[in-house]
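Enquirer: These are the residues of each chain, in order.
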Amino acid sequence: AQSVTQLGSHVSVSEGALVLLRCNYSSSVPPYLFWYVQYPNQGLQLLLKYTSAATLVKGINGFEAEFKKSETSFHLTKPSAHMSDAAEYFCAVSGGSGGSNYKLTFGKGTLLTVNP
Amino acid sequence: NAGVTQTPKFQVLKTGQSMTLQCAQDMNHEYMSWYRQDPGMGLRLIHYSVGAGITDQGEVPNGYNVSRSTTEDFPLRLLSAAPSQTSVYFCASSLRDALLPLHFGNGTRLTVT
Chain A
57 AQSVTQLGSH VSVSEGALVL LRCNYSSSVP PYLFWYVQYP NQGLQLLLKY
107 TSAATLVKGI NGFEAEFKKS ETSFHLTKPS AHMSDAAEYF CAVSGGSGGS
157 NYKLTFGKGT LLTVNP
Chain B
169 NAGVTQTPKF QVLKTGQSMT LQCAQDMNHE YMSWYRQDPG MGLRLIHYSV
219 GAGITDQGEV PNGYNVSRST TEDFPLRLLS AAPSQTSVYF CASSLRDALL
269 PLHFGNGTRL TVT
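Going down the list, the protein sequences come from chains A and B. Sequential numbering from 57 applies to the first sequence in the working numbering. Sequential numbering from 169 applies to the second sequence in the working numbering.
Calculated directly from the structure, the hints in this document are not laboratory data. It is possible that some hints are incorrect.
Selected chain A positions facing chain B (in silico; Cβ < 8 Å) [said to hold, decoys possible]: (1) Gln-98; (2) Lys-114; (3) Asn-117; (4) Gly-118; (5) Gly-165.
A virtual CB, placed ideally from N, CA and C, is assigned to each residue, including glycine.
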């Protein structure tokens with residue numbers, strides 16, 4: 057079955073510092089991988105997704121992620137944090153049992169705090 | 169264009185009561201889904217639908233029923249609420265499947281006492 061592990065339930069950075077949120081995946085089939093962001097009291101919205109077209113994926117708000125098959129990782133980065141980046145971030149992999157295109161398996165989330 | 173609308177925003181139930189969480193979308197999306205979000209657990213898929221009349225189970229379907237009579241609506245029913253169903257529930261939709269960007273509603277916070 058497909059799964060993702062997000063390392064670190066809480067990451068704190070200073071404004072202007074590098075943001076690095078870690079995600080490792082497990083998949084029995086070539087995966088589609090996603091990063092979603094949740095701002096307080098809102099639903100999730102898609103930041104970016106990997107579909108095997110390119111290993112470095114650029115998303116919205118200056119975020120990007122690199123797919124590394126050898127490390128089974130899909131870490132999310134942003135060169136310079138902004139106060140507005142404070143939110144909870146979720147990594148997700150397509151599949152569930154059987155590799156369905158209709159199921160996403162989410163990680164437990166990483167809360168990003170940005171300090172002035 | 170309202171996107172995905174969930175009602176109610178908040179609900180308190182007593183154990184054993186039933187209720188329906190409503191979800192409606194105006195984007196003509198074929199795929200709709202329900203997730204529950206619990207602290208430290210991420211989001212877990214309850215049920216999903218790939219079109220009117222077609223539903224299937226997700227990761228945690230027990231205690232929940234769904235139906236899809238129209239493209240626009242995908243209600244989630246709790247037949248006999250239990251404290252373990254205290255959670256925040258999100259409805260999400262996309263044009264075709266979970267590989268396309270999911271559009272989420274703002275959630276329903278349910279407390280079962």
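Enquirer: Which numbered hints does this structure break?
Expert: 2, 3 and 4
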